[in-house]
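Peer 1: Quick note, the sequences are listed as chains C and H, same order.
Everything in the first sequence is counted per the numbering used here, starting at 499 for the first residue and increasing by one.
Everything in the second sequence is counted per the numbering used here, starting at 499 for the first residue and increasing by one.
Warning: the hint list may mix true and false statements.
Unchecked claim - A few chain H residues that don't get close to chain C, going by computed Cβ distances all over 10 Å:
(1) V614
(2) T663
(3) R1142
As the list claims (entries may be wrong) - Derived lysine-lysine pairs resembling BS3-like cross-links, with alpha carbons at most 27 Å apart:
(4) H:K1153 with C:K1054
(5) H:K811 with H:K920
(6) H:K1054 with C:K1153
(7) H:K811 with C:K1153
(8) H:K811 with H:K1054
(9) C:K811 with C:K920
(10) C:K1153 with C:K811
Stated by the list, open to error - Footprint (simulated), chain H over chain C, 3 or more residues, beta carbon under 8 Å:
(11) 603 to 615
(12) 740 to 746
(13) 826 to 832
(14) 938 to 950
(15) 1179 to 1186
Calculated directly from the structure, the hints in this document are not laboratory data.
For each residue, glycine too, the CB sits at the ideal point set by N, CA and C.
Protein chains: 2
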Amino acid sequence: MEQPGSDAVAGTEAVRRLIQPRSVAIVGASSDPSRTAGRPLRYLLKHGYRGTIYPVNPRAESIEGVRCYPSVEALPAAPDVGLVLVGPDWVAESVRELARIGTPSAIVLAGGYAEVSEQGAQRQRELQEARGSMRLLGPNTIGLVNVLDSMVLSPSVALELHPLTPGRVGLASQSGGILGSVLSRAEARGVGFSRLVGTGNEADLEVCDVVEYLLEDEATTVIALYLEGLRDVARFRTLADRAAAVGKPLVAFKVGRSEVGARSASSHTGAMAGSDRVYDALFEQHGVIRAATFSDLLDISGTLAAGRRLGGKRLAVLTSTGGAGVLVADACGAEGFEAPSPDRATVERLVTALTGDAEMAERNPVDVTLAGLSSEIFRSAISALLDSPSYDALVVIVGSSGLAQPELAGGPVLEAVGGSEKPLLVYVSPGAPNIVQYLNRNGVPAFESPEGCAAGLAALARMSFGRDGRSPETAGQGADAGAGSGAPAHRLGSVALMSGRLNEVEAKRLFARFGIPGVRERAVQTATAAAGVAREIAGGEGRVVLKVLSRDLAHKSESGGVLVGVGVGEATARATELLTTVRQRAPDTQIEGLLVQELVSDGVETILGFTRDPQVGPTILFGAGGVAAEIYQDVALRLPPIDRREARAMIASLKSYPLLVGFRGRPRCDVDVLADAIVAFSQMVLELGDRLVEAEINPLFVLAEGSGVLAADGVAVLT
Amino acid sequence: MEQPGSDAVAGTEAVRRLIQPRSVAIVGASSDPSRTAGRPLRYLLKHGYRGTIYPVNPRAESIEGVRCYPSVEALPAAPDVGLVLVGPDWVAESVRELARIGTPSAIVLAGGYAEVSEQGAQRQRELQEARGSMRLLGPNTIGLVNVLDSMVLSPSVALELHPLTPGRVGLASQSGGILGSVLSRAEARGVGFSRLVGTGNEADLEVCDVVEYLLEDEATTVIALYLEGLRDVARFRTLADRAAAVGKPLVAFKVGRSEVGARSASSHTGAMAGSDRVYDALFEQHGVIRAATFSDLLDISGTLAAGRRLGGKRLAVLTSTGGAGVLVADACGAEGFEAPSPDRATVERLVTALTGDAEMAERNPVDVTLAGLSSEIFRSAISALLDSPSYDALVVIVGSSGLAQPELAGGPVLEAVGGSEKPLLVYVSPGAPNIVQYLNRNGVPAFESPEGCAAGLAALARMSFGRDGRSPETAGQGADAGAGSGAPAHRLGSVALMSGRLNEVEAKRLFARFGIPGVRERAVQTATAAAGVAREIAGGEGRVVLKVLSRDLAHKSESGGVLVGVGVGEATARATELLTTVRQRAPDTQIEGLLVQELVSDGVETILGFTRDPQVGPTILFGAGGVAAEIYQDVALRLPPIDRREARAMIASLKSYPLLVGFRGRPRCDVDVLADAIVAFSQMVLELGDRLVEAEINPLFVLAEGSGVLAADGVAVLT
């Protein structure tokens, strides 16, 4: 597997020649145009490929008027791409021959490899060996479609559609069937694509290679992804960051939301599907827009490809059919958009345009009723709303009357849209695919569902001012490498001596080394000594926490190994009791001593932990403490490194965030130091690398502003 | 507004004659077929209405060959329905004339009434006066479409489509534009309707009248609703229960999920939109299936109209295109469906059918790959999966290959489906509306989106075995009138003396009277007396809760009026301190005394309250206590009356339910008594009726099994 950034130029160039070849060989081209092996040549010709085609077929002189060659060796020159269509037993040999004559890349459509069985995986390894240094797309792929260059290397029946609508959306799909589905649905809706590539089993080229190419491809302004599971998460993150930096949106639909789906995905591509919530975190963190439904993938991509940006979330809705206006306003409202009433000047323009009554024009949705069926009136109303300083975007609704006259419905929209830079979207209320197609083809995002329109707008908002409402230019300000960026060598030196499962004291010492302080505490060997330490920590009248110290006891509380709020006077007696309980309940436990701790009586309990996702890798979890993390799943996940800005986003994303910032008159907590602690924890995870097996601070108390945080308990396992 | 059940037979008969008229008058029929007033007659003729048509137009002898009459009075007989198309100034007069000649019902399409302004509302009252006892549909409606009787009374351009697909789904829509949208979309998908009625402003006939008719209409087996807000919640609840009893599903799409949508809805129909979560509760409680997206309304209705029921949630997915199988399995998995591997016998049948390898056939989704493009193989595989005891339903995926041959794709499905009673659904992966339409028209639910397929299956599950997994037959068992059904007169007698804002002691006394016990407590007048009572309640070493008693203090804790865990020895001092604090912080408070309470140290905190939704009415809220209710919105809503079964469903629906049934080794709580308390609270709400303004028990402690519940604090306001 390629490393991030390695060989990047050469890799992109290879993919470019694969997608934009000057010549292609079709190895195993059939002269029967209805067969799978006959379709690619027919489609190449049908879509008007302008490069050289070399069909390879020993039993034909020519196919569809194109001269055939008896073998790969007989070709007059090495093609830019070889498309392999031969029977299963001949695939590896054809690949080897293509490599031998110096073909830079090949495509293997056939299935029956790693996606079906261990035997298949063995065949895939043979294929890998056969390709040598030649790049390979597939196996088990539908191939690729380069709409802008009329170059198609695929048997997908979706290519019966002709001509394809050119556009600015590029697609990388890990499923071939889905590529065909996206293409035919996009055609029906009028959403244009630049290039579509199916990566299939990803024996060599994988989805990141395609993303990298599309990032460099100037004709592509939006990158759509259909994902089942990433093979190289680090590389994807780098590419996503690069995409964010240049403002080219990545829109991903990923299967695996349910366990059953995840299972199917892994059986389908052989890719190990990672935990879906970790993918959510990854997308969130790196600015990838996740499509919630399959249909949203097209709706969002189409909206962003129109190239406009939002200035805010104030929406005007213009309709000639009341109910649909409500429907759209409701769906958009659920995405946080407002629909304020028009300003006075706009009302006046509307009244003039509609020759109607002012009371109607003061509302939003603006209902032009039947009067709006006049193109002139409709166009004037659109212009008035686009010009209004009260709105950041306009949704126009085309009603049933449009069924009979698609151009009449779409015409005024197209005429008015050029007069403004604001986003204008159209919801088509009746089942009228021709109107949707007509508008999308003409650059106005049009939608078949109110929810799709809302999803498009939400994505626009995300691209226009980021997830936290800041513009991309200022978003980076205030971010920094965070606490603990200094002197890792020194810190690691002292950590080097630790290994295995640490006890609580050692674990908190580890966290403290990275800048997360623990509660005051001291380990003692006897119950009597505990009383003395308790007095030291809490004074004569105070209370402390008593714990059994043992690296064997994973769930101290459940084994009776923790007593909270022990009075100093009763410390010896309670400590003795504690030891007795643990010895009874967990007789095999190796007890290392007693731990006397400061009792933290205020502050908000949180949890800060580390997990290693089987596919995505090291993941940081921050969440509400106590039972809330588990019961309410009130946690935020991120992949390290986490800077201070990201840490703040994690904190603010919790449902229980209000508890941290002064809930019902309580004091505000020290969110600044909490963010530093998350950054420090992430730094620790990175520095310890593979040595870190487990780490969790639970609870991490967040004290009042100015008082910081305190780790009250923790576990860590090192190798 | 009609009362529930009143005049039911006469009402239904009037609606039946409106929807299935033997004769219709079209008052103001235009001879220009392109005008709104010209279309209804044209559509009536086009769709083949077999009754008598009386166009009323003083300036035409005949229109489209149908004899015209100069006025309503000139009609040879009173029609079953009068459709009013005259100009705005003439509507009321036409309605009055129709009523005068004995027409049983009329339809007014025109807008400009209560939906636009107060002036319009006045015009609507005039219309009401003009109709007398005649029934009226509208104003501001698109009319109605009776597909089964080829009877259309509407200018909707969707009626250009001809012939309409007959089916078993009836629609009542509060929006006319949406009716046209549903009709044209349904036609495109091949989902057939029986009757569609737009109720518009509901000056007289409202959505419940249509539901009542559809419930009695044998040709309708599924009732779809497009709602903006209900006018008569009690009547709707009665009808929903009747629908559940006869097994005729109600599927509702309701706008108003977002505040902005709710605002538009109210400006559109003049109906006050209730809080959306209360609607969720109402639908949940009365077995109404809520469509989450507009598209789901059709997908769910179409699925249920096919008439099959599910035996469980085990799903087989059959595909020839791997990626789409994953997509569907994932979407259905998110709805709780499983996709287990086939049993041995089924694997053998599949291997035989597919002449393929066993490793492939052991998976689910079952991927027939290219071999499945043979109709014979596809049909065999479908039969094998439908016959398998491992599955309760089958989803077949049609891939891109179907694009070229719609009948080839759909044919095997139609041939195999009759051999089984199990639900068979089809997801069409490419954009191929013709295949979707072909299958739906032939009675096999087919879907354009994986999420729509999953929504259809989820609705089937809901109809087949209810929300709690029990069949409708047994679901009622164990339900009863609940605690507190006896002697309401006696109880109300003593409550009759209470009024205004009760203090805490009085409020808990009220709750106790209905069977919800409070904590041990006593009110005293002096700090010294508090110490004595504390000793009585908690013994010498114990702790108590001290509160200021005052009906003025809505938020006692925030005013410093509560001290928890006060030692008996310090009670006098702390009580004095308490009084001082409250006098300082809330100097205007009328202090009625001090309250000394038992300290409840275990048990789970919950909240049980009552709100009066502005539209839906009395609503009971039960939820997690403490900050969780607010922060995590962990609450369940229901409308009274609540029986024990419903109370249990409320409890079990909380995210924090695990805390009540023995979380991490803690004792199980007394859920039985908790359910009784909810039933008792609901009983109290019903008995007090309009007298109850506010009521809330917070916290209600749920103790360990056998120990019941304790109301620790409460508020109540009575008039």
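Peer 1: All the hints need checking, so say for each whether the structure fits it.
Peer 2: Verification of the hints:
V614 of chain H, annotated as away from the interface, has a beta carbon of chain C within 10 Å; the closest lies near 6 Å. The beta carbon of T663 of chain H sits about 12 Å from the closest Cβ of chain C, which is more than 10 Å, so the claim that it is off the interface holds. Under the 10 Å C-beta cut-off, the non-interface status given to R1142 of chain H relative to chain C holds; the minimum distance is some 25 Å. Between K1153 of chain H and K1054 of chain C, the direct Cα distance comes to roughly 26 Å. Compliance with the 27 Å bound is thereby established for this hinted pair.
For a cut-off of 27 Å, the pair hint linking K811 of chain H to K920 of chain H stands: about 12 Å separates their Cα positions. For the hint linking K1054 of chain H to K1153 of chain C, the alpha-carbon distance of about 26 Å falls within 27 Å, and the restraint holds. Proposed proximity of K811 of chain H and K1153 of chain C is contradicted: the alpha carbons are some 32 Å apart, above 27 Å. A C-alpha spacing of about 50 Å is found between K811 of chain H and K1054 of chain H, which places the hinted pair above 27 Å, so the restraint is violated.
Between the alpha carbons of K811 of chain C and K920 of chain C the distance comes to roughly 12 Å, so the proposed pair stays at or under 27 Å and holds. Of the pairs offered as hints, the one joining K1153 of chain C and K811 of chain C holds, with about 23 Å between alpha carbons and a cut-off of 27 Å not exceeded. Check on the stretch 603 to 615 of chain C: 4 of its residues sit with their Cβ under 8 Å from a Cβ of chain H, so the three-residue criterion for coverage holds. Counting residues of the stretch 740 to 746 of chain C whose C-beta lies closer than 8 Å to any C-beta of chain H gives 0; at least three are required, and the coverage claim is violated.
Using a Cβ-Cβ cut-off of 8 Å, 6 residues of the stretch 826 to 832 of chain C lie near chain H, which meets the minimum of three, so the contact claim holds. Check on the stretch 938 to 950 of chain C: 3 of its residues sit with their Cβ under 8 Å from a Cβ of chain H, so the three-residue criterion for coverage holds. Figure legend: the stretch 1179 to 1186 of chain C, annotated as covered by chain H; annotation inconsistent (0 residues with Cβ-Cβ distances under 8 Å, at least 3 required).
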